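Add chain B to chain Y, keeping to what the hints say.
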Amino acid sequence: MGAGALFIAVFLACTVEAVEATTIVLAAGLARGWRSAGYGAVAAAAILTVVVAGLGPALTAIPTNVLRLVIGTILLVFGLQWLRKAVLRAGGVTALHDEETIFRTKLAVAQRAAAQRRGTVPDWYGFTLAFQGVFLEGTEVAFIVLTFGSNQHAIPLASAAAGAAILLVGAAGFAVRAPLARVPENALKFLVGVMLTGFGAFWAAEGAGARWPGSDAALLVLLPGIAVLGLLLIAGLLRQDGARDGESAAASPTQPAS
Amino acid sequence: MDRGLRALAAFVHDLVIGDDWRAALGLAMAVAVTAAISRTAFPSWWLLPTAILALLPWSVWRTARRRA
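These protein sequences, in sequence, are chains Y and B. Be aware that the first sequence starts at 1, since it is given in my numbering, and climbs by one per residue. Be aware that the second sequence starts at 1, since it is given in my numbering, and climbs by one per residue.
Excised from the complex, chain Y in its bound form (with noise of 0.2 Å):
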């Protein structure tokens, strides 16, 4: 896997995730003020910071093999989750991420509740939110860095493309100052879980002494595969529930029989 692939692949995934925590920490300082919800943004970010800075050494340390196992299997379960997610939403079986939905509930909840002042927090709720926002959906922005940067021996260049995702992210949301309703989250979404059970496929057979056909240019057959079978599998649903939504109009005839 090259460098440019490895930014990519992290880059895209970690947009996904501070779409997400953006749009939170947005309602937070909408409804609560900025400096409190800064402050549990930030805090949460350092914290995530300091995970990835102390495990990271520790991983690169363990020997090649086993890690592209463990972590190889980890990000294969991990990725095909995102993946069938992503497919259930296209499909029209699960509701799609509304960020605009996601926005109005969290904003009228914030500004629903009584303001707390806590040593240097002027609003502990606003930061309780923000952190709360920004820690949950960092956990997998760490978690991909951790990930794809131990394998390929790159933590910084996988931490510099979050950092670039995160900044370009939140720069544009502080900038409209409302949620990235569209960013087309699922089809990022789609095209991570491609990646993550695509690569992780690769690392997990790697790791257990398998040979890959063509070594790495099995991954120019690998993911445009997994890709095709999710697209199908998308289509095999929209058209049962086309079906589906045809048998019940025709069981339901508008204009009773006489």
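In case anyone wonders, no lab produced these hints; they're calculated from the structure. There's no promise every hint is true.
What the hints assert, rightly or not - Partial list, derived from the structure: chain B residues whose beta carbon lies under 8 Å from chain Y:
hint, residue
1, His13
2, Leu15
3, Val16
4, Asp20
5, Arg22
6, Leu27
7, Ala28
8, Thr34
9, Leu48
10, Leu53
11, Leu55
12, Leu56
13, Pro57
As the list claims (entries may be wrong) - Derived CB-CB ranges, DEER-like:
hint, chain 1, residue 1, chain 2, residue 2, range
14, Y, Val42, B, Arg62, 30 to 36 Å
15, Y, Gly214, B, Leu5, 41 to 47 Å
16, Y, Ala108, B, Ala32, 15 to 21 Å
17, B, Trp21, Y, Ala160, 22 to 28 Å
18, B, Arg66, Y, Glu100, 23 to 29 Å
19, Y, Arg244, B, Ala32, 34 to 40 Å
20, B, Arg66, Y, Gly119, 43 to 49 Å
To be verified - Just a few of them, taken from the derived set where beta-carbon distance is under 8 Å, the chain Y residues facing chain B:
hint, residue
21, Ile74
22, Leu76
23, Phe78
24, Arg84
25, Leu107
26, Ala210
27, Arg211
28, Pro213
29, Ser215
30, Gly225
31, Leu233
32, Leu237
Remember, it's a predicted structure, so these values are computed and weren't measured experimentally. The C-beta atom is built at its ideal place from N, Cα and C for all residues, glycine as well.
Chain B alone, transformed into the frame defined by chain Y:
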């Protein structure tokens, strides 16, 4: 302490495995079988792509049927 550990385990479970543990278990078993075949003279690279090909449609189909 005990409650904290349980909360951490639940968080890690939700983060990595999510709501379909059967698919996760299937993938872990496929990796184990890949490791076992790799110790023989037979090629083992095909097993994980095959597992994805089987487990993803199965997991999606089960969820879609449950929610229909």
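Check your understanding: Going by Cβ atoms only, is Val16 of chain B closer than 8 Å to chain Y?
Key -> With Cβ-Cβ at 5 Å, under 8 Å, it holds.
Check your understanding: In this structure, is the beta-carbon distance linking Arg244 of chain Y and Ala32 of chain B contained in 34 to 40 Å?
Key -> 39 Å, holds
Exercise for review: Under 8 Å, Cβ to Cβ, is where Leu27 of chain B needs to be relative to chain Y, so tell me if that hint holds or is violated.
Suggested key: 5 Å, holds
Point to revise | Interface hint for Phe78 of chain Y, Cβ within 8 Å of any Cβ on chain B | key: 5 Å, holds
Check your understanding: Has the hinted range 43 to 49 Å been met by the Cβ atoms of Arg66 of chain B and Gly119 of chain Y?
Key -> Given range 43 to 49 Å: holds, Cβ gap about 47 Å.
Practice item. Tell me if Ser215 of chain Y is really an interface residue toward chain B, meaning its C-beta lies closer than 8 Å to one of theirs. Key: 11 Å, violated
Exercise for review: Go through the hint on Ile74 of chain Y and say holds or violated, using the shortest Cβ distance to chain B against 8 Å.
Suggested key: This hint holds: Ile74 of chain Y lies near chain B, its Cβ roughly 6 Å from the closest one there, short of 8 Å.
Check your understanding: Regarding the hint that Leu48 of chain B lies at the interface with chain Y, is the smallest CB-CB distance below 8 Å?
Key -> Holds. Min distance 4 Å.
Practice item. Closer than 8 Å between Cβ atoms is the bar; does Leu233 of chain Y clear it against chain B? Give me holds or violated. Key: Hint on Leu233 of chain Y: holds, closest Cβ of chain B at ~5 Å, below 8 Å.
**Study point:** Restraint check, 8 Å cut-off on beta carbons, for Leu107 of chain Y near chain B
**Key:** Since the shortest Cβ distance to chain B is 25 Å, the answer is violated.
**Study point:** Status of the hint placing Pro213 of chain Y at chain B (closest C-beta pair under 8 Å)
**Key:** 7 Å, holds
Point to revise | chain B contact restraint on Ala210 of chain Y - CB to CB distance below 8 Å | key: Hint on Ala210 of chain Y: holds, closest Cβ of chain B at ~4 Å, below 8 Å.
Violated hints, in rising order: 1, 5, 14, 16, 17, 25, 29; the structure is consistent with all others.
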